[in-house]
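Residue numbers (UniProt numbering), protein chains in the order written: chain A, 1 to 300; chain B, 1 to 335; chain C, 1 to 323.
Take the hints with a grain of salt, since some may be wrong.
As the list claims (entries may be wrong) - The calculated lysine to aspartate or glutamate pairs, modelled on DMTMM-like cross-linking and capped at a C-alpha distance of 25 Å, are:
| # | chain 1 | residue 1 | chain 2 | residue 2 |
| --- | --- | --- | --- | --- |
| 1 | C | K238 | B | E104 |
| 2 | C | K238 | C | D220 |
| 3 | C | K238 | C | D215 |
| 4 | C | K238 | B | E117 |
| 5 | C | K238 | B | D136 |
| 6 | C | K238 | B | D156 |
| 7 | C | K238 | B | E87 |
| 8 | C | K238 | B | E133 |
| 9 | C | K238 | C | D317 |
| 10 | C | K238 | C | D310 |
To be clear, the hints were calculated from the coordinates, so they are not data collected in a lab.
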Amino acid sequence: MSEPPVMTSMPPMPPMPVPEPVSPARQAWRMFRRNGAAMIGLALLLLVLAEAALGPALYSVSPDDMVWMPLTPPGASEYWLGTDYVGRDLLAGLIHGGRVTLIVGGSAAALTVAIGVLVGAFAGYYGGRIDNALMRVTEFFQVLPNLLLAMVVVMLFGASLVNIAIAIGAVSWTSTARLTRVEFMRLREMDYVRAERSIGASDARLIWAVILPNAAPPLIVSAALSAGTAILFEAGLAFLGLGDPNAMSWGRIIGDNRPYVLDAWWAVTFPGLAIFLAVLAISLVGDGLNDALNPRLRER
Amino acid sequence: MSMTPTPPLLSVRDLTVAFRVRGEDAPVVRDLSFDLHEGETLGIVGESGCGKSMTALALMGLVPNPPGRIASGSIRLGDEELVAAAEARLRRVRGARISMVFQEPMTSLNPVFTVGEQIAETARAHLGLSAREARDRAVEMLRLVGIPAPERRVGDYPHQLSGGMRQRVMIAIALVCEPQVLIADEPTTALDVTVQAQIFDLFRELQDRMNTAVILITHDIGVVAEMTDRVMVMYAGRKVEEGPAADFVAAPRHPYARGLVNCVPRLVADPPDVPEPLFEIPGLVPGAEALARPGCAFAPRCPRAMPVCGREFPPVTASPGGRSVACWLDAEGAR
Amino acid sequence: MIRTLSRRLLNAAGLLLAVLVFNFALIHMAPGDPVEVLAGEMGGATPELLAEIRAGYGLDRPFHVQLLTYLGRVAQGDLGHSFYYDQPVTGLILDRIGATLLLVCAALTLALLLGCFLGVVSAQNRNGWLSHLVTLLSLAGFSAPVFWVGILLILTFSVALPVLPISGMSSVDAGRMGPWGRAADVAAHMVLPVLTLASIYLAFYSRLARASMLDVLGSDYVRTARAKGLSRFLVVYKHALRNALLPVVTFAGLQFAQVVSGAVLVETVFAWPGLGTLAYESLLRRDSPTLLGILFFSALMVVAVNIAVDLLYRLIDPRIGAR
Chain A
1 MSEPPVMTSM PPMPPMPVPE PVSPARQAWR MFRRNGAAMI GLALLLLVLA
51 EAALGPALYS VSPDDMVWMP LTPPGASEYW LGTDYVGRDL LAGLIHGGRV
101 TLIVGGSAAA LTVAIGVLVG AFAGYYGGRI DNALMRVTEF FQVLPNLLLA
151 MVVVMLFGAS LVNIAIAIGA VSWTSTARLT RVEFMRLREM DYVRAERSIG
201 ASDARLIWAV ILPNAAPPLI VSAALSAGTA ILFEAGLAFL GLGDPNAMSW
251 GRIIGDNRPY VLDAWWAVTF PGLAIFLAVL AISLVGDGLN DALNPRLRER
Chain B
1 MSMTPTPPLL SVRDLTVAFR VRGEDAPVVR DLSFDLHEGE TLGIVGESGC
51 GKSMTALALM GLVPNPPGRI ASGSIRLGDE ELVAAAEARL RRVRGARISM
101 VFQEPMTSLN PVFTVGEQIA ETARAHLGLS AREARDRAVE MLRLVGIPAP
151 ERRVGDYPHQ LSGGMRQRVM IAIALVCEPQ VLIADEPTTA LDVTVQAQIF
201 DLFRELQDRM NTAVILITHD IGVVAEMTDR VMVMYAGRKV EEGPAADFVA
251 APRHPYARGL VNCVPRLVAD PPDVPEPLFE IPGLVPGAEA LARPGCAFAP
301 RCPRAMPVCG REFPPVTASP GGRSVACWLD AEGAR
Chain C
1 MIRTLSRRLL NAAGLLLAVL VFNFALIHMA PGDPVEVLAG EMGGATPELL
51 AEIRAGYGLD RPFHVQLLTY LGRVAQGDLG HSFYYDQPVT GLILDRIGAT
101 LLLVCAALTL ALLLGCFLGV VSAQNRNGWL SHLVTLLSLA GFSAPVFWVG
151 ILLILTFSVA LPVLPISGMS SVDAGRMGPW GRAADVAAHM VLPVLTLASI
201 YLAFYSRLAR ASMLDVLGSD YVRTARAKGL SRFLVVYKHA LRNALLPVVT
251 FAGLQFAQVV SGAVLVETVF AWPGLGTLAY ESLLRRDSPT LLGILFFSAL
301 MVVAVNIAVD LLYRLIDPRI GAR
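Work the whole structure out from these sequences, hints included.
Here it is in structure tokens:
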């Protein structure tokens with residue numbers, strides 16, 4: 001080495017241009033906005049929600065009254081979408097049923113996420129015996145076909161909206177629990193969690209205030225998917241005749257009219273289409289969230 | 001070495017590899033030219049992201065596409081042009097005439113096949129060996145790379161071997177067809193220091209035996225000094241200095257190369273009372289936008305930068321002894 | 001291997017026992033009295049008749065005695081007596097299980113093969129039209145209510161274009177056909193239910209296979225395989241596919257219970273004479289022994305499938321056996 005190190009005393013570097021800080025939520029929204037399919041899904045979802053919120057007030061025909069000849073095809077009367085097998089207005093059923101379907105689906109999904117996160121968080125955070133015991137419970141619910149289980153529960157306890165939502169939530173939480181558990185097991189070993197622990201943070205604080213917010217992105221996506229699944233689930237139960245007899249829902253319209261499907265394709269096709277579009281909207285949004293919240297997967 | 005009259009084994013001219021980012025081509029390797037002769041070991045040195053691994057993948061015809069591609073230039077192996085060659089022809093070159101050992105032995109072997117199968121399939125693909133012969137060849141290769149009890153190990157799965165053993169298997173795969181060129185991309189970075197030394201010993205021994213030319217990609221100046229004949233320094237996708245390894249390590253010319261060499265703490269027989277401060281290169285490793293900028297990409301970090309450095313990339317100044325450097329300091333001096 | 005297998009079997013037995021206890025507790029927790037329903041069906045619920053029925057089914061004894069009796073019976077293969085069909089539940093289930101297995105196996109095979117194929121092909125060209133189509137179809141498949149898909153298929157292929165039978169598993173005149181004719185008859189009846197059930201899982205599997213294949217195609221060992229100069233076919237179908245199958249197999253095992261759930265809906269739509277239709281019928285009649293028997297039997301199937309998947313996984317991935 002002929003020269004001494006030349007650069008030890010140097011003029012300070014010009015500051016590197018630092019991009020202005022962007023909050024993760026805003027960054028995710030930027031990603032999301034660029035995703036055409038997800039934006040279509042979001043628009044569709046807002047439309048469905050607006051329909052459920054405002055539709056019944058704007059369209060005053062009751063979904064439960066006989067208004068015209070049974071099994072009138074669409075366009076043959078003032079009731080655009082025709083009537084069902086007892087002469088109820090199908091459009092009114094769709095409009096009022098949307099609210100019930102979304103409320104049941106939404107609350108069932110909330111319950112699914114709540115149970116799943118609770119079980120998964122405790123299992124993943126504490127590990128050991130608690131994990132073992134909770135995973136056994138999870139396994140138990142995983143070997144029972146959830147529709148059959150929900151059928152049994154609703155049959156035995158009655159088909160009220162509350163029971164239906166509880167039954168769906170109680171049988172659907174296992175995958176959320178597994179996902180939460182894995183995230184918690186990963187995150188609890190992170191340096192910032194250890195740092196919090198070393199300054200004496202309580203378990204409750206570590207679980208809910210430190211780890212959970214960091215585990216949120218995949219859980220948000222999974223919650224979106226749960227909402228879709230719950231709506232399909234409610235429809236399935238209603239189709240099997242386990243809908244609340246006092247509340248019109250999309251699934252119930254299909255279930256009620258199934259015996260007449262060969263004569264009245266519309267009475268089954270339209271409510272099914274409504275369910276399909278609502279769930280598709282949620283799936284598209286969930287998919288977009290997944291891409292937006294997982295920058296690692298962006299290039300896919 | 002560069003004085004030898006024989007034509008080079010591998011000759012790279014004006015190679016540019018570009019990645020398409022948001023609709024625009026961003027070069028990650030730019031106008032790169034170098035030669036490799038039979039039996040020679042060439043070191044490529046630089047920080048991560050300087051394009052050295054992408055150069056290796058370009059030689060293999062494995063630039064990930066999309067988003068990457070070889071935008072221009074030529075790579076000649078013997079008489080054969082590899083840039084824009086048909087995939088089928090490249091396939092006959094890969095693994096047979098040029099082969100590569102990767103950085104990560106833990107993930108570079110397929111977990112669901114035995115190591116024997118992973119060696120043997122290469123032999124079957126290129127040498128036309130029968131299953132039986134290929135298996136025998138695999139055992140022979142395992143023995144050659146110094147794996148004990150190769151007859152037994154041939155049936156092992158990768159997870160049953162240590163990192164060093166796996167890297168030996170990777171070397172066996174790379175050498176099973178006795179290639180003319182072996183590219184080793186930081187082959188020991190992921191390994192323990194003692195294992196590193198063993199792997200390098202193995203490289204030297206096998207190179208002597210097979211007369212394979214080696215391109216050794218590293219960021220470790222110590223490895224360069226010990227293992228290579230000639231060295232090439234890359235910064236932000238360009239070659240900034242080249243020369244015989246011994247001369248280079250003794251007196252690097254480019255300010256970046258000096259920084260690299262000076263980063264290595266030296267063992268001195270008679271240490272001074274006040275140790276020399278350990279050197280560091282200021283600033284950050286340049287991102288993609290630095291590569292697209294005109295002028296010398298190192299200028300923002302260079303303590304001796306001049307106005308011209310930010311405007312124009314310096315010409316390559318060759319000097320006796322096979323050395324060359326791309327820096328305005330030398331270009332000015334030459335004038 | 002044998003030790004893991006026996007551990008799995010023990011675990012499975014524990015799970016099944018838990019299902020039985022749970023089943024039993026459910027009936028006792030439920031409000032309402034199946035006996036009254038039954039008596040109502042017999043036409044008139046006099047207190048004497050109710051008591052007689054209770055004693056007949058042992059419903060008048062204390063809870064734990066009933067539970068132990070129940071468990072003991074199940075151990076002998078007796079899942080109870082159907083109120084509605086007036087038959088042993090086990091017999092009812094065994095009569096129907098074949099049809100369900102036929103449906104589920106055919107649908108799963110179709111979904112897995114086609115799903116993996118679509119996933120692999122679309123992963124290889126991840127921004128091509130096929131890739132987008134697979135993503136779109138899998139979203140649509142996930143979002144469509146399965147019974148609605150079934151009804152639409154019936155309306156299309158049995159009503160508008162009457163090429164396939166509407167429902168059931170065989171034609172009325174199947175008795176007069178030869179063995180091949182009968183097989184062809186069943187096959188024709190199978191087409192729509194199998195397609196319907198497969199459609200949901202096709203969506204899941206193709207999406208999962210695509211994601212997992214993309215992951216694997218970017219892995220270091222696939223790069224190694226390419227660096228060896230192997231053909232594209234060998235790289236994709238030998239080196240990548242086997243690794244990419246692992247998550248699909250895991251998922252298929254985990255989701256098997258949901259496949260049974262899907263089968264209930266599909267069977268109901270197509271009046272396919274399997275366990276699902278039986279579950280639906282016993283639901284309508286509030287025949288809880290039959291429904292609970294089906295629930296238990298389904299759990300048994302799921303547990304068996306999970307063990308099989310576990311063994312299959314060990315065949316595919318040598319790392320598991322070592323752990």
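*Hints broken by the structure, by number, lowest first?*
Of the numbered hints, all hold.
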